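Number of protein chains: 2
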Amino acid sequence: MTNERPLLLLSNDDGVNAKGIQELIAALRTVADLIVVAPDGPRSGSSGAITSEHPLRCTKMRQEPGLIVYKCSGSPVDCVKLALHALVPRKPDMVIGGINHGDNSSVNVHYSGTMGVVIEGCLKGIPSVGFSLCNHSADADFSATLPYVRRIVEEVLAKGLPVGKCLNVNFPDTNELKGVRICRQTDGVWTNEFVKADHPRGGYYYWLTGEYQNNEPDAEDTDHWALEHGYVAITPTQIDVTAYSLMEDLKHWNWNV
Amino acid sequence: MTNERPLLLLSNDDGVNAKGIQELIAALRTVADLIVVAPDGPRSGSSGAITSEHPLRCTKMRQEPGLIVYKCSGSPVDCVKLALHALVPRKPDMVIGGINHGDNSSVNVHYSGTMGVVIEGCLKGIPSVGFSLCNHSADADFSATLPYVRRIVEEVLAKGLPVGKCLNVNFPDTNELKGVRICRQTDGVWTNEFVKADHPRGGYYYWLTGEYQNNEPDAEDTDHWALEHGYVAITPTQIDVTAYSLMEDLKHWNWNV
Chain A
1 MTNERPLLLL
11 SNDDGVNAKG
21 IQELIAALRT
31 VADLIVVAPD
41 GPRSGSSGAI
51 TSEHPLRCTK
61 MRQEPGLIVY
71 KCSGSPVDCV
81 KLALHALVPR
91 KPDMVIGGIN
101 HGDNSSVNVH
111 YSGTMGVVIE
121 GCLKGIPSVG
131 FSLCNHSADA
141 DFSATLPYVR
151 RIVEEVLAKG
161 LPVGKCLNVN
171 FPDTNELKGV
181 RICRQTDGVW
191 TNEFVKADHP
201 RGGYYYWLTG
211 EYQNNEPDAE
221 DTDHWALEHG
231 YVAITPTQID
241 VTAYSLMEDL
251 KHWNWNV
Chain B
1 MTNERPLLLL
11 SNDDGVNAKG
21 IQELIAALRT
31 VADLIVVAPD
41 GPRSGSSGAI
51 TSEHPLRCTK
61 MRQEPGLIVY
71 KCSGSPVDCV
81 KLALHALVPR
91 KPDMVIGGIN
101 HGDNSSVNVH
111 YSGTMGVVIE
121 GCLKGIPSVG
131 FSLCNHSADA
141 DFSATLPYVR
151 RIVEEVLAKG
161 LPVGKCLNVN
171 FPDTNELKGV
181 RICRQTDGVW
191 TNEFVKADHP
201 RGGYYYWLTG
211 EYQNNEPDAE
221 DTDHWALEHG
231 YVAITPTQID
241 VTAYSLMEDL
251 KHWNWNV
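Chains as they are written, first to last, in full-length UniProt numbering: chain A, 1 to 257; chain B, 1 to 257.
Because the hints were derived from the structure by calculation, they are not lab data.
Hints may contain errors.
Cβ-to-Cβ under 10 Å is the rule here; a few derived chain B residues that face chain A [claimed, not checked]:
| hint | residue |
| --- | --- |
| 1 | LEU161 |
| 2 | PRO217 |
| 3 | ASP221 |
| 4 | THR237 |
| 5 | GLN238 |
| 6 | ALA243 |
| 7 | LYS251 |
Computed from a predicted model, the values in this text were never measured in an experiment.
Heads up, the beta-carbon is just placed ideally off N, CA and C, and yes, glycines get one too.
With the hints as extra help, turn the sequences into a complete structure.
In structure tokens, the structure reads:
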């Protein structure tokens, strides 16, 4: 790899062979040198999970000028940690998660392995961005997202991001994107989350599923509203989760034992 | 279960048989009716992970007046979701995670399965609190924490918590607790995160480990400072992770494709 071009670390939660990350690689090869360290299979819903009970293995799959690809046995966050600890030739200029097959707006940020990647990059002091498309299909069409992916990466490379802040970028599933909106996280909740079935050897088993309920469908400053109306939703996200507004109040509660 | 006593949903990430949750059960049986739905084995570092690729199974282990205990094959968040969907007799008055074997202050909130439990309870609109002791040992001594656990639970039952806000409570590993401090999340980072070893069949494997680095050791309003100085650290935590301070600035960046 040369020193002149930016270096981007890419990962995801759908696995190294997913179409989303392969499209991301193709879109960003013209912009930067890439090192890809991604899970060896699907890890959807991994959130910020890390692997402490098992060792990790990592295998180089591909090496070309400007591109190295590893697969790793761990979680998305493990991939970022291992990449930064042992695999990158220098500190990357950005960490990028995605492109995810599925919506990571609203409360999904808390479950998303893609955003796990991004938050880990941010925790390590590197400008970090997650990209997600609101389509779960393995063969989803990412083509409309790619010009935006390149523009957003170029803009973040040029301007940087404040320490402790990252971007959660979601694309509606349409070929006619109306442009970008800067959003806040929508207040929503998952309901009816399980399907119950009889187990052939007795008892039940449960499959996670669910329906998303938007608690503020008319709020035009939210990421879900933007997606519903055909816009690219950029939700700036922070790693300090302190509820500052509650601190003063709590100091006057009775905590004496 | 009677209708007069509060109902508390308990889970953790160390597994249903861990000493921490067993001590929690013993400490809270005098305060409320308890339903425990916890992982069937260790799930440390699960964060907000959910299980979408496999079905879940759940088994009742114990039923006595005021106490029902289930073990579940999934993650800590799966346990909370499944409990609320299928196992609780009514909406619990609180969701409680812990008592965790290990420190969940500072950036650990992003990796913690205990806080995954708490954030899930909070996402479901239920007052939620996580308890963690800064000692990883399986036989850690939780005795000094228990009067505080009861007091904090009673206080939250009496006063409630604002929607979208939960508490991350960490205890230093000492028998001489100096009282409670209301804190913010410490700015810190994990370094030297892997030990590399030769794999007997070639190549390497990596164990996650690491050293915590406090980036603001003198900041007296942080949770890590409180713990270092013998106080119980209560860090109010929120589920809206929008970086509001960055929104106006981002609206003036060039996002045109």
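Now the hints, each set against the structure:
| no. | hint | in the structure |
| --- | --- | --- |
| 1 | LEU161 | 8 Å, holds |
| 2 | PRO217 | 17 Å, violated |
| 3 | ASP221 | 8 Å, holds |
| 4 | THR237 | 5 Å, holds |
| 5 | GLN238 | 4 Å, holds |
| 6 | ALA243 | 4 Å, holds |
| 7 | LYS251 | 5 Å, holds |
Checked against the numbered hints given earlier, this structure breaks only hint 2.
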